[in-house]
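Undergrad: Dock chain B against the given chain A, drawing on the hints supplied.
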Amino acid sequence: MDVTKVIDAKGLACPMPIVRTKKAMNDLESGQILEVHATDKGAKSDLSAWAKSGGHELLKDTEENDVLKFWIKKG
Amino acid sequence: MSETKKTTIVLFSGDYDKAMAAYIIANGAAAYDHEVTIFHTFWGLNALRKAESMEVKKGFMEKLFGKMMPRGVDKMGLSKMNFAGFGPKMIKKVMKKHNAMSLPNLMEMAQEQEVKLVACTMTMDLLGLQKEELLDDIEYAGVAAYLGDAEDGNVNLFI
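Protein sequences appear in the order of chains A and B. Take 1 as the starting number for the first sequence in the numbering used here and just add one per residue. Take 1 as the starting number for the second sequence in the numbering used here and just add one per residue.
Just chain A, with the same shape it has in the complex:
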């Protein structure tokens, strides 16, 4: 996957992962992909809801050793 930007939100608590993601997304062009790393257990629900509302596409998400990773395509 052609990732344009990666942000590390590991260790951050609500609402920071979503605030950081939003900030990073502002710098991207439509169609570019943002990769987000987080450890907040609510991140999956938060990011999928946020992406849906903003017209972005959550392409993929994984969980490894308590680290959640997300790939979001800007809408």
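A couple of the hints might just be wrong.
Said to hold, decoys possible - With the Cβ distance kept under 10 Å, some of the chain A side facing chain B (calculated, not the full set):
hint : residue
1    : V19
2    : D46
3    : S53
4    : W71
To be clear, the hints were calculated from the coordinates, so they are not data collected in a lab. For every residue, glycine included, the Cβ atom is placed at its ideal position computed from N, Cα and C.
TA: Positioned in the frame of chain A, the structure of chain B alone reads:
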């Protein structure tokens, strides 16, 4: 994306935990690209107070109110388990441990995200709070201005 959505929050409470909930939702809503307004009234006005004491002319009652109310969010008590001020110390310790943002930081972040902070002028008069005592870069308004925002709000909360 459709046109900008709006979130409005009335912060009535002067409790640390409730103000924290309000500011977390405000920051989240700003990340959702909403236009966000927090309308501070009654005890919620204390969130906007500067930490330092100001030289302002006041009557006896106003002075008394000013002394008894917290100067800014960091001095607020908890709505439950306050234990005469020991509760907030405990919660702040736990928040640090879990890497949760402190309330002063959440407020800073909200201003950075252009959340509109409004002080209710009628209750400012009641509690004897003056503009000089409140943060810079805030707005002053009454119920009509709040309703103007709230009537086309998608999320409207009273905390």
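Undergrad: With reference to the structure, classify each hint as holding or not holding.
TA: Status of each hint after checking the structure:
1. V19: holds (5 Å)
2. D46: holds (8 Å)
3. S53: holds (6 Å)
4. W71: violated (18 Å)
Hint 4 from the list above is the single one not met by this structure.
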